[in-house]
Every structure is written in C-alpha cells, then in structure tokens.
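Colleague: Given next are the chains, with one letter for each unit.
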Amino acid sequence: MGGGAIKIGFLQLIGCSGCLTSIVDSTAFRDLWNKGYVSFFPMLKDDRNISGCDVVFVEGAASKKDRALLERVRAEAKKIISVGSCACFGGISSNVRELGLEPVHSVVKVDLELSGCPPPENLTSTLLYTLTTGREFKYKIANLCSECPFHPCKAKYPIVIRELSPKERHEKCLLEEGVLCLGPVTRAGCEARCIVWGWSCYGCMGLIKPTSLVDFLALLVIPKELKHSVTNLLNLYGEVEYVS
Amino acid sequence: MSLKRVHPLTRVEGNAEVTVKIHRRKLQELELNLPTLRKFENLLCGKIVDVVPLLVAKICGVCPFSHQVAASIALEKALNVDAPPLASNVRRLILAMEHVRSHAYNVFLMGLQDSARLLGLNEKELVYRLFRSGLNIIRFANKVLSSIAGGSISPGISTVGGLLKMPDAGLLTNHFRKEAQRTLEGMYWALNLSKNLTASKYSEVFNLEEVPTLVTSVGEDYDPIANTLKIHEGDYWKELADIKGLLTGGVFTGPLARAVFTNLRLKVEWQTSNLLNLYMLRILEIMNALSYSVNLLRDLKDLKAHYRENPQGESGSGRCFVEAPRGTLIYECEVEKDVVKNIKIITPTEINLPFIKMFSRKIVEKSLAKGLALQEAIENLKTAIRMFDPCVSCATHVTVIDS
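Keeping their order, the protein sequence lines are chains A and X. The numbering used here puts the first residue of the first sequence at 1, with every later residue one more than the last. The numbering used here puts the first residue of the second sequence at 1, with every later residue one more than the last.
Worth flagging that the hints you see were computed from the coordinates, not collected in a lab. Incorrect hints may appear among the rest.
[As the list claims (entries may be wrong)] The calculated label-pair distances, taken between Cβ atoms and stated as ranges, are: (1) Trp189(X) with Lys65(A): 40 to 48 Å; (2) Glu336(X) with Gly178(A): 20 to 28 Å; (3) Tyr188(X) with Glu191(A): 52 to 60 Å; (4) His151(A) with Ser146(X): 21 to 29 Å; (5) Arg135(A) with Thr272(X): 35 to 43 Å; (6) Asn310(X) with Ala68(A): 49 to 57 Å; (7) Ala373(X) with Ala142(A): 56 to 64 Å; (8) Glu185(X) with Pro152(A): 46 to 54 Å.
Owing to the predicted nature of the structure, the values given are computational and were not obtained by experimental measurement. Each residue gets a CB set at the ideal place from its N, CA and C atoms; glycine is no exception.
Using the sequences and the hints given, assemble the complete structure.
Modeller: The following block contains the structure:
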C-alpha cells in the first residue's frame, strides 16, 4: 500500500466515540481529509458505503449484531486496524457481562491493534502518516515505567498495596507509596499521561506480554479488604479475566 | 407503502437508526432506535469512589469532563465535603472549554452540510471556510484542555474533594487570552451566517407550535455548575426539587433552555419557537464560553493553591446537576464505606429523547404536508435530529423507543 489514492474507512461499533474524535483531533487527520483519503466516516460524512476501503479503522467493541458487518469488511478490506481499548480488548463496557461484547480480533482477523483509552495522539498521527507514505508503523515494546517521570521505583519487593488511587499529589513512584499502579506491566506509548496528571495507571494501553500481570501480582501484597477492588481494576479494560 | 430505513444515521456521535413508514404521503410510523446501551451504571456499582471520576469520563468521548465533574460533585455531597473554590473554578474552565469543543464539532463538522443545504450555500469556498473555522476552534479548545485537564478527552483532573493536580494557570493566562480573543473575533461572521437559517425555505417545518417545557441547571452568567435544577413554566422559572417526571416527554434541555434562562449575554434577536436557531445558539455559547473563561482566569490568579479537601465521611448519598454541552446532566449516588452502592446517571440525551421522537414525527408530517418530496422530508428529519442532539452514544439506560 504505497502513496497512491488509498481509501480509508472509520467504523464505529459499541464505544464512546472518544477514539474517533481523537483521530479527528490529530494533526495527521486534517491532511488525510484534505487529500480525500477518507472514504467512509459516518460521524462526519453521509457516504454510507464501506465497500472499497483499503484500510478500515474500527472503534468500539463488537456485539453479536456486528459480526456480519465485520466479516464483510474483512472480506473486502486489505487492512483492519482496531483502535482503542474497546476494539482491542473489549474495553470497559465488556465488564457488563450481559452485553456480550468482545474485542474485534475475536470476530475477524485484525492486522494491527492500537490500544489506549483513547489512543495517544502521537501514535495515532504516526499511524495515519505511515498509511499514506507506505512506511512501516513501529510500536515501541517497553513498559510504561520507561516513560514515567517518577521512574525508577525504589520500593523493595514485595510491595504492600494500601491505596488504589493517589490520595494526594505525588512526586515519586506510586508503588513506592503503596498505591496500585500497573505501569510496570503496561505497554508504553501514552507518555504516562494519567500518572503525570495525578491518577494511577490501570493499563488501558494493554499488557506488555500476556503473562506479565501474574508475575507482577506475585510481587505485591494486597490486603484482603482491597482484593475485590483490585480485581475489578485489573479486569477494567477487558484484556484479562483475573480472578483473585 | 414506502419504507425508509436510515442506518446508520450519519453525522451524529454514536450509532442510531431511524425507520419511517409512509403510506400515500401520510406518516404511519417513525422509529428511532439507539445503539446497544452500555449499562455503565452496572459497572460503577461496587467500585471504590476514588476511581469513579476516571471511569465515568469513559461514558462519552465528546463530553467526558462533564461526566467527571458531575460524578465528583455528587460523590462530594455523599461524603460531606466541598471542593475548594479554586478547584470549582478550574472545573468551570474545563467545562467551558468542553462546551466550545463539543459545539464546534456539532455546528462546524457534523452539521455543516445541513447548514449549507438550508442556506442554499453553493460556494465551496465558504463551506470550506466554515469547516476550517470548526477545526481551528477544536484545535484551540484541545490545546487549552491539554494544559488544564491532561488532554482533550482524557484523563481529566477532577476527583472527589477537588482536583488531583493544579494546572499552571500563570503559564496559561497570557497565551490563552490572546488566542481566546482571536477565536472569539473569528466567530462573528459564522454567527451572522447562522442567523439566516431561520430565513430558509424550510423554516416553517422547524417551527414549534408549542415550546416544550424547558429545564436547565445553568446559573446566572452561564455558570455550568450552579447546581440547582430549574423548570420554565409560563413566563417564569421555578426550582425543581423532584426529578421524577423529567423523562416522560415534552421536556427539553440544552442551549435553548440555557438561552431562555440567561436571556443571552450577547444580545441577539431570536424566536424561541424555531429550532433552526439551535446552531446560532451554539455559536453564541461558544462565544460566551470563551469570554466566561477569560474572566475565570482573572480569578484563578488571585486564589491560593489549595485545590483538594479530604472527605469527612465514608457513607451517604448525593445528587448533582452539571450543565453539559447537550444540556443538564444528572448524577445521583449512594456510597457505603467508600464504595458506590447505587448510582443513577441521567444524560441530557435521555431527557431530550421523548421530545425528539415527538417532534421528529412532526417534521416529517409538516414536510409532506408542505408538498416536499419524500427525500427532502427525510433530509429535514435527519437535520432536526442532528440539530436537537447529535450525541446518542452517551445514553446510559434508555430503553429503545417504539412508535
């Protein structure tokens, strides 16, 4: 897929529209729009025909009703890119079991997953540029600590968890202060924006590797009264189903 | 029998489907179906209060901070704590910028083709200028939100008791003022253009025979967290303590209600009964939000940096009204030992839906009675839905409406 007249589609399943609006907000999108590459985008355009798109970005988790549509898109598009934690892992809404939501890759083959809630602007823009220039999109494989301003963690393992969220402004690693933070097992890319702005990391970018969460938990001491809440947070974005 | 299925309804946020059945140019049935509802309230029950403001920001990607601020305040009431004045003003600033961003999306991106159709704008250059204006306003709002809330959509800084972090208001002020002023000045031509919408040949179709019951929580001077709910009855406003009956139909919240309550700070002549004024009202709200923010920043400088209070209790119940871009957002919660026991979220879309459904029928009926072609009637219907409330994915527990 070189620099020719690529046709890009943006499909919305069950989500909050945040990932698509973050794409529209990105600097690269304006360029794509002006050059006429955006072929299907119901949020902004009336054209309702998704056929003929070379690349389809999918936002949101898939419900049973979406299966046929996704299969049709898979049959026609050269690339499907899941964008955001709902499309990649099922997302927050997948915790509501009765909805039966699942990640897009459970329904059809996905060529690339760009996680995040929403995905960081720098990654979105880079991805959009690579699509039109034919370059390869490289996704850094490192943990969030590599981007955290409070790195390195000086805590001695095992770490006793006392809080799930920072109670006050912090100037050092949250784990050092006994606050649950999934940074060590979460993929980098977001520049630790939640931690910088006073929250903890709950892993919206996804696990660095599937087994890393279990290994990490072995290093923590979680009091009995917090176990249920910690389990809730570990399962928040739907990537894992952790049972305490 | 003619059956028109519009799926998905384009240029709205979220997925929606409208089905219209017409027989001999008479409307038989109109169905407005919403996407799968995400039942967010179920997810929030059992969560520790500290994480709730972060989670509710995931309900809507267009208005995440309205949800975050509303949840923070409702939980503060439940836990018997008040956020410091500085924190409340930063929240107001965040909400004002969210209004700017959301309205710009609505008017200049999603609604642009509707305005062009209604105004008969054939000049591509003018339409493109409007589009560029929209993107510039969005870019400006995003820049400010990134400086004060960590990003345009996420993560936000509002939490129970105040803020997690104080943005650097000193750095922001000079830069913000200049840019806010420039953006404000750039809005006047779009405002003048939008005033012509009511002179459109379709104007009569969008005219309400009866103005719905208006509900708002906005305070004097456009305060988005004034926290009292008001209902417009006859010619006056009265405080509404009981929210029962709010979802039964004929109630409307959003820019129309806010404009009537605040009597428009930028004085403009307008007809309350014509829905084509909604874009003009949103442009006015962008302008108001910009000047409101500049005034807020003056106050921020004078306050000491105390921005978070610790909750006094661990259990209790609280309710909060916040003015989101689409209208009044209501949060009610019950907390037991710092864990959410019950939570109810009523979004503006949910309040507006019964009225939208009712008036959507009228739009089609009036268009057909006026002798317009079926396609034009359908276009008017789609325009009306986008104009009323183009945000359907944030509805949390609405049941599908059958005709």
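Colleague: All hints, please: hold or fail.
Modeller: Hint-by-hint comparison with the structure:
| no. | hint | in the structure |
| --- | --- | --- |
| 1 | Trp189(X) with Lys65(A): 40 to 48 Å | 44 Å, holds |
| 2 | Glu336(X) with Gly178(A): 20 to 28 Å | 24 Å, holds |
| 3 | Tyr188(X) with Glu191(A): 52 to 60 Å | 38 Å, violated |
| 4 | His151(A) with Ser146(X): 21 to 29 Å | 22 Å, holds |
| 5 | Arg135(A) with Thr272(X): 35 to 43 Å | 55 Å, violated |
| 6 | Asn310(X) with Ala68(A): 49 to 57 Å | 52 Å, holds |
| 7 | Ala373(X) with Ala142(A): 56 to 64 Å | 59 Å, holds |
| 8 | Glu185(X) with Pro152(A): 46 to 54 Å | 49 Å, holds |
This entry does not satisfy hints 3 and 5, going by the numbered hints stated previously.
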